[in-house]
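Participant: Below, each chain spelled out in residue letters.
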Amino acid sequence: MKKPFPWLSTLIVVLAALYFLVPLYATFQFSLQMKRGEWSLAAYESVFSSDVFLSTLAYSAVASLAAIVVGAALVAPTAYWVRLRLPKLRPVVEFVSLLPLIIPPVVLVFGHIRMFGSSSILPLTTTDGGTNFLLVSGYVVLSLPYMYRAVDNGMASIDIVTLTEAAESLGASRARTIMEVILPNVRSSIISGAFLTFSISLGEFVLASLLNRPAFGPYLVQIGQDRAYEPAALAVMTFALTWACMGLMQYFATRKPGQRVFPRLTLALSRNEAR
Amino acid sequence: MKKPFPWLSTLIVVLAALYFLVPLYATFQFSLQMKRGEWSLAAYESVFSSDVFLSTLAYSAVASLAAIVVGAALVAPTAYWVRLRLPKLRPVVEFVSLLPLIIPPVVLVFGHIRMFGSSSILPLTTTDGGTNFLLVSGYVVLSLPYMYRAVDNGMASIDIVTLTEAAESLGASRARTIMEVILPNVRSSIISGAFLTFSISLGEFVLASLLNRPAFGPYLVQIGQDRAYEPAALAVMTFALTWACMGLMQYFATRKPGQRVFPRLTLALSRNEAR
Amino acid sequence: MSFLKLSAVSKAFGANVVVKSFDLSVRKGEFVSFLGPSGCGKTTVLRMVSGFERPTSGAIEIGGRDVTHLPANQRQIGMVFQSYALFPNMSVFGNVAFGLKIAGASKPEIASRVKEMLDLIQLGHLADRYPYQLSGGQQQRVALARALAARPQVLLLDEPLSALDAKIRVSLRDDIRAIQRELNITTIFVTHDQEEALTISDRVVVMNGGIAEQCDTPHEIYNRPTTRFVAGFVGKLNNIPAIVVDPDAGTVRVESDVVTLEPRAVAGRKAGDPIVLALRPEAVSMGTRSGDVVLEAKVQEVYFLGSVIRLKVAAAGVSLSLDIFNRADAPPPDVGSTTHVSFSSHAVIVLDS
Amino acid sequence: MSFLKLSAVSKAFGANVVVKSFDLSVRKGEFVSFLGPSGCGKTTVLRMVSGFERPTSGAIEIGGRDVTHLPANQRQIGMVFQSYALFPNMSVFGNVAFGLKIAGASKPEIASRVKEMLDLIQLGHLADRYPYQLSGGQQQRVALARALAARPQVLLLDEPLSALDAKIRVSLRDDIRAIQRELNITTIFVTHDQEEALTISDRVVVMNGGIAEQCDTPHEIYNRPTTRFVAGFVGKLNNIPAIVVDPDAGTVRVESDVVTLEPRAVAGRKAGDPIVLALRPEAVSMGTRSGDVVLEAKVQEVYFLGSVIRLKVAAAGVSLSLDIFNRADAPPPDVGSTTHVSFSSHAVIVLDS
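Chains as they are written, first to last, in our numbering: chain A, 1 to 275; chain B, 1 to 275; chain C, 1 to 353; chain D, 1 to 353.
This is chain A alone, in the form it adopts within the complex (with noise of 0.2 Å):
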């Protein structure tokens, strides 16, 4: 039968595309617009020269990357472990892991301040440390759901206990099985969570300002009611870096030793020209 073009899907790519694109350029031609009637980068000036700016900026990404650490620490032994010894667990576990997506982060929050607040047991909420600590677990648990995805799949598709297996036989100590063979094999699966989740907390409003944190995503939404050029610019800043981010982690989710960079697509063609 012969291929029809496809009219349909390729409307619907295009219209896609331009949801995104139509907006974006918008706003960064709006962006440069600070002066009137010539272009500038007066709006980024005026952005990167407040100390807000930076300070939010530096917290987040501090929060994130502790969250990044704590999480993955959290979830790779969990889910290899599961893997390897507690199969039937799995669909559990996989469950557990989800509820994150589906609890609004409200709930937490609120959860979180019943538990810790100045009148519980443990009144975390009362020191900066304490209201910090929250926060980092706040994010843990919101990126829990990528995470153990990105982990999971990652021990999918390398046959986990097998490899495990084949490792006890050539003599290997557990230790061993899992420094040598096992992290390697899913370090990648490992950084893509951690990009997902460092592009997660980065811009996170609901649970930074609940708990009255000075982190950047609040600082977004505040310079978002003040100004008209300064959010436009930040706007296109944050697009920049969760692309970049988002780019480095196909990167490196698809790579493997001694691949090239796109090969995802490669393999695709390849294998049409193979029938």
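Note that these hints are calculated values from the structure, not bench results. Ideal Cβ positions, reconstructed from N, Cα and C, are used throughout, including at glycine. Be aware that a few hints might be false.
[As the list claims (entries may be wrong)] Once the Cα atoms are required to be at most 25 Å apart in a straight line, the calculated DMTMM-like pairs of lysine to aspartate or glutamate come out as:
1. D/LYS167 x C/ASP216
2. C/LYS28 x D/GLU301
3. D/LYS115 x A/GLU38
4. D/LYS236 x C/ASP165
5. C/LYS28 x D/ASP334
6. D/LYS312 x C/ASP174
7. D/LYS167 x C/GLU159
8. C/LYS298 x D/ASP202
9. C/LYS5 x C/ASP66
10. C/LYS236 x C/GLU301
11. D/LYS298 x C/GLU182
12. D/LYS236 x C/ASP193
13. C/LYS312 x D/GLU220
14. D/LYS312 x C/GLU220
15. C/LYS107 x B/GLU180
16. C/LYS167 x D/ASP216
17. D/LYS298 x C/ASP175
[Unchecked claim] Each pair of labels, with its calculated beta carbon distance range:
18. C/GLN122 x D/LYS236: 17 to 25 Å
19. D/ARG228 x B/LYS88: 54 to 62 Å
20. B/VAL92 x D/ARG54: 33 to 41 Å
Dock chains B, C and D against the given chain A, drawing on the hints supplied.
Facilitator: What follows is chains B, C and D alone, placed relative to chain A:
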């Protein structure tokens, strides 16, 4: 080799469960203490008697349902067509579908306001209908990653290309193939995507707040700042609702014609016995 | 009278020509196999017959009608896929009934025809099951019934046995052949497994590089391959180097012995030409009495395959494989023992060196 | 002297007893296969030898040392898996070197040993490739080299050929056997493919329901099965119903003919007992001259398998399979023709009816 009891993994699972359950329990307990010295449902009564509660909930529910319909209508044909005719484009489409996950909603809204604001060609934000339209569009975009993943996974599990060819070889037209063979087999995936969309849209705050819509998310945050016991009651109810959604989703996602309710657990058990 | 006819059919994907000017005539009720290594174009030819691919040039006729430009759903074909491709949302009954429903058959008509088909594949008792409740072999039987239910003009089988276990593969192969004969349906069968192709077919088309190398009965393909590719791809072949002594007398020299072949086998060659005598393993026998050519041999390897024992012996300066039947009362010869092997000069295929 | 010894080894998963009191002695350098249908416990026995499962009761000895309670990484075994299980993050060199690194070998030692192993599997030129750049057959060769590099005491092969194509399966099978002989390494091979087990092994253990039904050389297993299960599972078997006439004279009645067997074959039976004469397809020949029992027969089916042609004939009231070799100058008999078949009474296995 003997299997030692998995202390580490058990500890992690228990900690993770506690992390969800203890705050929930604390919140639930607190929600019952509105009347001093006795347990009562007064907080729940107070919530239900509020007009704002009912109207915002209804508004968000309608917006979420609209987002589901639009999202499914966009995603299902696209995913089918891409798998059937443009397999080379799949990585690209998947990448596009993931974008909303990492572009902060704030950026999306800035773009929209810039694009459709009072001074633009298409001043949607100046009318209620237009702003509602923008909100639903935003929800569609926000839920795109989940909807696309769900539907695409559903299609991956049934070899869409061969099934389409099988139906065609039996004389079926393209329309009939889609209606009788493809849709029935990805219906459960669409439904699980729909439940995710619903839970995400229902409690969403940033978009609704920046577009200044009378939605449930902003109401939740408002109550959380103004009152003490009602937010706890709301949190408990929201949690119950999302849990129910999730349960339904799991049920539909894993159901086969004539199969039991928890097939994946059963499968895992029987697979283990078979060795 | 050819029922299915392909005339100079070619197919290119971009610059990559996958099928080159392919001709084929299939009689009504004939069973033809396409055999070849992966990438030889056999599946592409099948997909052009089915309508899933459109030929770059050439014409396809089914039952006297030119279907070259007809979409797949109007060609009245029945197709069976390697992956079964049963509709997961339909029961066995629903799957088999699908084509009949599309064709607009009445309810009682559908019910009786589906029953008939399920009885044919001996799965009448499983009509209410769903595909995921069936074994691979059962699923492929249902797929066969589904393909045949609407009485297609041609049955197309795309490696239908490749995904199955060895034992089921053999039994389903025999069943497919029996059903095909009973219904007298014109059938194309694509496979990379030579035993399947030889066992099941009236004719076999051996393909390589998009070209039909030979098209003949299994016995001819196996015993009288016309190209070097066919000789090497179908069955195992022993190659004994030899030198032509006298082409008119048919004499050639193997090591130090002079052997007389039929003169026509070396026709057109000159004295002193190096040639290769190709021999099937079953054409070589142990002992001195089974042919006019006798060689000294030393047993190198013994492979006990069950009913057949395959020996590897050193003879005439090369390693020869030969097949003997297992005998309960005589264990196979020992590795390292010396013996004689013999073959008939009629069984020799002469190839260029 | 047994090198690997299993004594009354049992394994239960919960209430499900998978292996029942399994005994086995394997000599140093012997190649033993476990053959059986899926679920027969063969893989579980292998996994207990490797240390991945711990026996519920019984003991396992390797090289005179009780390893029953030793974890897998201290047993000095080499294991090859069906799924290859190469480490994707390491090159071919890195994979083969892994066990040596663990054992603490020096760098030059590792380099020379890895080179030696890669030369053994003829992949020395691919040392820098990564697993995803290799074909399935190459990956499994590397897995074999990796398992052998650290000079294990026992080589354990868990269906290593099941994931490969037919042609590669045969060639790798022969290579495994050659390498095993060269290194003289004690080997256990698990398979569900009877041809693999018969071809490659010194001894075959046929398993069923967690029990070793028979343990003997391939020739004995095939020609003198001791249980009905082994007779049916290994090879194809013709069953001809018969009735004992005179047990002392060894005469039985097949249809209306009286046939004389060796008296010991019917020892212990009474006149009038119904029995079954079991015969391998290759023990039955066309014509009247190949044995002392001659039956009239009608050709029902002809399967051209290549070197062998399998005929199905109606004789003695049942359907018999018989194998004949392909002859280039004589096409197989036609379906429907009548002929005689004959067999030697020595080839008959007598089974209960």
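Participant: Evaluate each hint against the coordinates.
Facilitator: Right, here's what the structure says about each hint:
{"no.": "1", "hint": "D/LYS167 x C/ASP216", "in the structure": "holds (24 Å)"}
{"no.": "2", "hint": "C/LYS28 x D/GLU301", "in the structure": "holds (21 Å)"}
{"no.": "3", "hint": "D/LYS115 x A/GLU38", "in the structure": "violated (69 Å)"}
{"no.": "4", "hint": "D/LYS236 x C/ASP165", "in the structure": "holds (16 Å)"}
{"no.": "5", "hint": "C/LYS28 x D/ASP334", "in the structure": "holds (21 Å)"}
{"no.": "6", "hint": "D/LYS312 x C/ASP174", "in the structure": "holds (12 Å)"}
{"no.": "7", "hint": "D/LYS167 x C/GLU159", "in the structure": "holds (17 Å)"}
{"no.": "8", "hint": "C/LYS298 x D/ASP202", "in the structure": "holds (21 Å)"}
{"no.": "9", "hint": "C/LYS5 x C/ASP66", "in the structure": "holds (9 Å)"}
{"no.": "10", "hint": "C/LYS236 x C/GLU301", "in the structure": "holds (16 Å)"}
{"no.": "11", "hint": "D/LYS298 x C/GLU182", "in the structure": "holds (20 Å)"}
{"no.": "12", "hint": "D/LYS236 x C/ASP193", "in the structure": "holds (21 Å)"}
{"no.": "13", "hint": "C/LYS312 x D/GLU220", "in the structure": "holds (21 Å)"}
{"no.": "14", "hint": "D/LYS312 x C/GLU220", "in the structure": "holds (21 Å)"}
{"no.": "15", "hint": "C/LYS107 x B/GLU180", "in the structure": "holds (18 Å)"}
{"no.": "16", "hint": "C/LYS167 x D/ASP216", "in the structure": "holds (23 Å)"}
{"no.": "17", "hint": "D/LYS298 x C/ASP175", "in the structure": "holds (20 Å)"}
{"no.": "18", "hint": "C/GLN122 x D/LYS236: 17 to 25 Å", "in the structure": "holds (21 Å)"}
{"no.": "19", "hint": "D/ARG228 x B/LYS88: 54 to 62 Å", "in the structure": "holds (57 Å)"}
{"no.": "20", "hint": "B/VAL92 x D/ARG54: 33 to 41 Å", "in the structure": "violated (50 Å)"}
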